[in-house]
Amino acid sequence: MHSAAGTFKQRASIALKDVTLQASLGKLTREGLVVRRAKAVSEFPEFEALREEGRRIKDHVLAHLDFYLERYEAEVKRAGGQVHWARDAEEARAIVVGLCRAANAKTVARGKSMVGEEIGVADALEEAGNHVVETDLGEYIIQLAHERPSHIIVPAVHKTRAQVADLFKSAHLELGIDGARDSIASLVDEARRVLREQFFRADVGITGANFLIAESGSHIIVTNEGNGDLTSTLPRVHIVTAGIERVVPTLEDASALLRLLARSATGQPTETYTTVTTGPRRAGDLDGPSEYHVVLVDNGRSKMLGGEFRPMLRCIRCGACMNHCPVYASIGGHAYGWVYPGPMGAVLTPLIVGLDKNRDLPNACTLNGRCEDVCPVRIPLPDLLRKIRNLQFERGFAPPALRWGLKAWAFVVQRPRLYHALTPIGARLLALLGGRRGRIASLPLAGGWTQVRDLPAPQGRTFMAIWKDRDRASQ
Amino acid sequence: MSEARAAILATIRQSLGREEMPASVVTELERGLREPKAKILPRVDGDVVEHFLGRAQVLSMTIARVARRADVPVAVIDYLATRNLPKQMVVASALKDLQWPAGIEVRHGATVREDPVSVTACFAAIAETGSLVMLSGPETPTTLNFTPDDMIAVLNRRDIVAHQEEVWQRLRRERGALPRTINLVSGPSRTADIEQVVQLGVHGPRRVHVILVEEVGS
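So the sequences go chain by chain: A and B. Counted from 1, the first sequence has number 470 at position 470 by the working numbering; the numbering is strictly sequential. Counted from 1, the second sequence has number 104 at position 104 by the working numbering; the numbering is strictly sequential.
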């Protein structure tokens, strides 16, 4: 999917003025997922030890990723499925579109999948003439609104029930479906009726995978709605799209990570449906797809494995980092401009889409560290963000004012004599600018600060000068 | 796309700074796959049956307990009567031996769109999470777990275990290969996608009813 993260600042300032968005974000952090996670963790004394275990499992897999992927592939084939490898988003789209064409598909049902968003599979299928139906309720809502997910677990968290009612009214008119639409229950019921029709009509179902199991060639998906299961049971062809880092050795490893995932994502000990699927319909089966395909997506991951960003590949896409991020809580997911928002998005987006295209994202962070504290696989997110800032600087992608400013600063600060000679001058100048109020309302190169608040002016003397005076006085 | 496969694996090895792994490491990894080990497990205190029933109720499932398997039809009819549901259902072939009284319309097989009620058999249940374990197969089709409004699941007391890891072990022991699908069902379908308010019955069953068969024999 095309990234629009270049305009982060504009999006952020629009989001800050959006009253309904602010209300839903407030609910998310004050009474929603954040509170539920805290409760689930407090009821599970082994959680900290399990986080360490989760980190260890993922690190082990990443260090032997070639082995586990090859084993996984062999087991999928043994179970009668097919594995396709895609180097980038374009290859992945071509594979999925080709499979749908081969299946003579008209209607394609999709279960929510972040890698599906990442490769832009829905748009590609629509362009190829397929009718694509999002089946996760939140994804369905944003599909009707022609928007992107604003959260990886609750994609339509920014929509109110009134907005959903309006979307349903205009979309369902031609289907001859009308409803009360006066409560959340009636809206959910209406979506059930409309989407049920689509599940039975769909020729192909596409889902993601939370985990791929090397031992058995299975994939696991978890949902609360059951849409993933209808998507993978009713259509004739099932396609799984998954990042290459989703693989784990055994079902036992998946069990450990599932305990972390459910609590971190929604504060539940388990999601409603956890499904382990291995290959297509077997001889004698009365249901299930007759074709089973897995598209393994690289899209920058194999390169990420080599450097200092390897820990990012531990991510199990729970969303806890964004739920606990003060920046996300202020601006929501759309401001991040691509499919992955919040701290994990601020790291992943520049790494996948390009350091030059997303200059602002890694800098939209206070480095308060809450994301790392709650990450179920202990990804050092603030550290990774800092490393991306360094890379941006080294490669010359930082804005010129920042680059030259930092260069000048570095020059001065490495020469103590010069520094001590210049600082009193600077301090006095700023004190003069501050006038009697002691505050500066506008300053060249510091517009970002002074537009919204005054800069307190120094009192005219440097710390070193005051220190020397005190020293002299006490002697 | 074998070209892509080779390229991806080559980049992975390059990133890991090595070629193929030494045989000793591969042997060790193979052993890990052959002998999976459970990781840290949450404590499940007391009787697993009571623990399961407690969790299941928290997850909005309803429970009926019967002494013997032969009592299941009566419990099903009770459930249909209290909810005012049609006496018409799809029953998994795994429960073909059950005797239904006259006036009940029973079909065996998979469910289609219009079937409002299913009765199916659990492979196991997990006390830790209150989950039912449903396996796909001709005897217990997967559609029975998802398309009806009401799913009725018959569970033998002896099949309740503490953790999901015991289910994986039992599957390996008893079946070797995994079935096409293992569904862990933890209550009715739910969503919180509109205004973060939990709502039951969005895509899957609106209600899940468990009939627990206490007898140890058979």
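Everything labelled a hint here was simulated from the structure, so no lab data went into it. Remember, predicted model here, so these are calculated numbers, not experimental data. Do not take every clue at face value.
Derived DSBU-like pairs (lysine-lysine); straight-line CA-CA distance at most 35 Å [what the hints assert, rightly or not]:
1. A/K303 to B/K39
2. B/K96 to A/K39
3. B/K96 to A/K303
4. A/K77 to B/K39
5. A/K303 to A/K27
6. B/K37 to A/K39
7. A/K468 to A/K9
8. A/K77 to B/K37
Which numbered hints fail: 2, 3, 5, 7
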